[in-house]
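Participant: Fit chain G to the supplied structure of chain Y, relying on the hints for placement.
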Amino acid sequence: MTKIALGASDIWKSYGPVQANRGLGLSVAPGEIHAIVGENGAGKSTLMRILQGVEHPDRGHVIVADAAVRFAGPADALALGIGMVHQEFMLAPDLTLLENLILGDEPVRGGRGALARIDWDAARAQGDALADRIGIAVDWNRRAGSAPVHILQFVEIIRLLRRGTRILILDEPTAVLAPQQVGELFALLRRIRAEGTTILFISHKIREVMALADRVTVIRQGAAVFSAVLARTTAEEIAAQIVDGAPVPRAAAARRPAGSAVLTVAHLSAPAVEKSRPLHDISFTIHAGEILGLAGVAGNGQVELMQALFGLIPASGSVKLTGAEIAGLGPDRRRAAGIGYISADRRQEGLALDAAVEENVVAGSQRIAPIGRSWRLGRRALRRVALDRLHRLAVRFGHPGDPVRSLSGGNQQRVVLAREIAAMPPLLLVSQPTRGVDLNGIAAIHAILQEYRDAGGAVLLASEELDELQALSDRIIVLADGRIAGELAADADRREIGRLMVLEGAT
Amino acid sequence: MTGALLRDWAERGTGFALPVVVALAVSAVVLLAIGENPVTTFGLILSESFGSARRIASTLSAATPLLFTAVATAVCFRAGVFNVGVEGAFLIGGLAAVVAGFSLPADLGWALVPLCLTIAAAFGAAWLWLPGWLLARLEVDEVVSTLMLNFIAAAITATLVNGIFLSRQSGNNVTPPVHAAAELSRLMPPATLHSGFLIGLAVLAAYAVWTRHTPAGVEGAWVGLNRRFARVVGVSVPRTIITAMLLSGVVAGLGGAAQGLGQLHRFSDGFSAGYGFTGMAVALLGRNRPVGMLLGAVLFGALASAGTTIQLFSDIPLDLVNIIQGIVMIFAVVELGRFRLGIKPKVQG
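Those protein sequence lines, which keep their order, are chains Y and G.
With my numbering as the guide, the letters of the first sequence map in order to residues 1 to 507.
With my numbering as the guide, the letters of the second sequence map in order to residues 1001 to 1349.
Isolated chain Y, as found in the complex:
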């Protein structure tokens, strides 16, 4: 009888000066759902990459079915039945779900090599059988690009099972799902477990761990510091282990009456960006000294709304900033009019990762005195302004000339905030401000946003963390399928928010 389906023994792994794993041990019993929790940067992703054979540990080894193994590459891990569902699904958007299911391992009927013919009937039968086994229905003819995100996730899982996966690893599988869909996923995972599949499940939401897992391992600073059967621990104990006994820092809400209208949006519509939803007839107002929360399942128009308000995508309707119409203006003019923009995509849009810290923090001011003087750019003035902004938000960095890539996620986000808040614009558009930021960084970023609000600033805050939205916002509007599904007080029942999030057939 196998004791350890998948495990790790004394894993050490470093990336340059960063020690990601320090003697990490893990033991997952066959047929259990095992949750791995820990802060961002604790070493979870590195461990997963090692378990998948993508990275080699500097020391230590992976254990599969009680035996120490050494993977030459991901193919070895796959051959031993280890499969992973990533946060970004590995599906080709232009192929149908059925084509995606069999891609790379097609059932053939006659012929060999390039002349082989695909047996579509067999493929469909296999897909149906697997879908049936885990209790879902899939429209196999649908293009992956147009399928709802939870269906894509199911197809990823089915695809791995079809390839003979006996140990399924899921990386934050609920991040993209609405509360109701989370329940559906959990039911499905329990059925897979009942069939004998071992599940390793990475999360940073303790509530979900409590609901799903049989056993939990907490990773902190590269080592497994705590492991327990769920029945013998509590949410409080797990939370304390994640942050090393320190209480989870949470911004305290001090609400004050809001001032005059800063942003008034009326009948705004905009086309979809990538795989998301177009916006229909959006109207709302944000006042001075107010944070308006924007809730919604990812891909229901949040990105479109932020981009349309900042002039990055064309939109129809009226947008007034402190009374002046700004619809039709580009991002440069809107920035000048007084909008700060904090992108959800910090690495691709918020920062130029290979440019210097100082250039990232002053970008946008390069043509304004004291940095820009007619055709010249004052490097000394640039550094002075940069250091002032960096120090004001207590950004930790080496040298102002270092690439901003060298900073931690939390400090990178502070660089973005330092840049966007510097001129005290009346309005901030903020998306996912704490994504990929550790707990202490989160508290600091929350404090910065609240300070800005208390100084009379208006904020539109989009976040996939309901806790964050409820802690920071004065009011919350919910986006579903590109429309405003409703408006609630910040302390509304989260089940009510969840109900609005999946309204009107949104996915």
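Don't read these hints as lab results, they were simulated from the structure.
Treat the hints with caution; some may be incorrect.
[As the list claims (entries may be wrong)] What follows is a list of derived Cβ distance ranges for each label pair:
id : chain 1 : residue 1 : chain 2 : residue 2 : range
1  : Y       : Ala394    : G       : Leu1006   : 20 to 30 Å
2  : Y       : Ala336    : G       : Asp1141   : 31 to 41 Å
3  : Y       : Asp388    : G       : Arg1137   : 32 to 42 Å
4  : G       : Asp1141   : Y       : Val54     : 32 to 42 Å
5  : Y       : Pro370    : G       : Val1140   : 31 to 41 Å
6  : G       : Leu1006   : Y       : Pro107    : 38 to 48 Å
7  : Y       : Ala336    : G       : Val1140   : 53 to 63 Å
8  : G       : Asp1141   : Y       : Ala423    : 30 to 40 Å
9  : G       : His1213   : Y       : Asp388    : 17 to 27 Å
10 : Y       : Ala394    : G       : Gly1051   : 51 to 61 Å
11 : Y       : Gly113    : G       : Asp1315   : 50 to 60 Å
12 : Y       : Asp388    : G       : Ala1025   : 45 to 55 Å
13 : Y       : Gly330    : G       : His1213   : 23 to 33 Å
14 : Y       : Arg142    : G       : His1213   : 47 to 57 Å
[What the hints assert, rightly or not] Derived list of chain G stretches under chain Y, where covered just means 3 residues or more per stretch with a C-beta under 8 Å from a C-beta of chain Y:
id : stretch
15 : 1205–1217
16 : 1273–1283
Think of the CB as a built atom: it goes at the ideal place given N, C-alpha and C, for glycine as much as any other residue.
Facilitator: What follows is chain G alone, placed relative to chain Y:
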């Protein structure tokens, strides 16, 4: 602070030296294979290119067009615009300068040279404005458009040189010579090194200032590093792309003018020995940095000037020099690939 600076310079140094060293190693193998002594051959190349004042002058003379074409390439590459059309702008600018140099009245005197340079810069800029506009407004791939424009430039200049600008005296694919007043002065006669080299150095210095000490130059780097970022911080990406192309055209046009007015004193078929493309290799080797490109231009200039004389004094074929050049180019690009891989997102625990 000094640590970071030292590391930066060390990195740039290896980025430059490695392709050169590898190219020499491969060439040594080739030399051994054909029964030549690599040490004496490299010594010969070195002495032929730097052995005396006259030879240094000849090396710098060969480096002159490369200074221009490398800067013209770097201006675009650092903004993420893969302009391979410097060769075409070099030809167009060169012909424009030469035609102005023999058809404007000779009694303009000292004003003739600046006039010719201005005209060449304007023609070069106009030539590259088109692919810049196509890229910025219609997203037409700049590699394809600028590459095709090179053929068109070659065809136009060849037609004109054999047509309306054909010299009546010589009659074989050359224009008449420019007025004496339009010639760029020779710095060390009888060597061909001319004041175009100094203009090239000035252009390189202006490039150095532009990249770090002007808002437009810094914005260009941001557009090259991350277009979405540039847009969000209020930089107009289309305007930046067109500016880069225009500047590239100006510099390439000036390079053509320097070649026409300083080196050849006329325009002929085969006016450019692929300077636009060698300049691209110099820009890649020098990582778009002023000092790196200066060294790169001198290196390729040395190979070119040594190559023409070396076969007079040994059995070594001229092809060897071409092989060294080619290998340096390849490894300059390979290094670029490694550099790109090196900036992959770091894995966060």
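Participant: Now tell me, hint by hint, if it's right for this structure.
Facilitator: Checked hints:
1. Y:Ala394 x G:Leu1006: 20 to 30 Å: At roughly 28 Å between Cβ atoms, leucine 1006 (chain G) and alanine 394 (chain Y) fall inside 20 to 30 Å, so the hint holds.
2. Y:Ala336 x G:Asp1141: 31 to 41 Å: The hinted range 31 to 41 Å holds for alanine 336 (chain Y) and aspartate 1141 (chain G), with Cβ atoms some 33 Å apart.
3. Y:Asp388 x G:Arg1137: 32 to 42 Å: holds, 39 Å
4. G:Asp1141 x Y:Val54: 32 to 42 Å: holds, 34 Å
5. Y:Pro370 x G:Val1140: 31 to 41 Å: holds, 39 Å
6. G:Leu1006 x Y:Pro107: 38 to 48 Å: violated, 60 Å
7. Y:Ala336 x G:Val1140: 53 to 63 Å: violated, 30 Å
8. G:Asp1141 x Y:Ala423: 30 to 40 Å: holds, 38 Å
9. G:His1213 x Y:Asp388: 17 to 27 Å: Holds: the Cβ-Cβ distance is about 20 Å, inside 17 to 27 Å.
10. Y:Ala394 x G:Gly1051: 51 to 61 Å: holds, 60 Å
11. Y:Gly113 x G:Asp1315: 50 to 60 Å: Cβ of glycine 113 (chain Y) to Cβ of aspartate 1315 (chain G): about 52 Å, so the range 50 to 60 Å holds.
12. Y:Asp388 x G:Ala1025: 45 to 55 Å: Given about 51 Å between the Cβ atoms, the range holds.
13. Y:Gly330 x G:His1213: 23 to 33 Å: For histidine 1213 (chain G) against glycine 330 (chain Y), whose Cβ atoms are near 27 Å apart, the range 23 to 33 Å holds.
14. Y:Arg142 x G:His1213: 47 to 57 Å: Holds, at about 55 Å.
15. 1205–1217: holds (count 6)
16. 1273–1283: violated (count 0)
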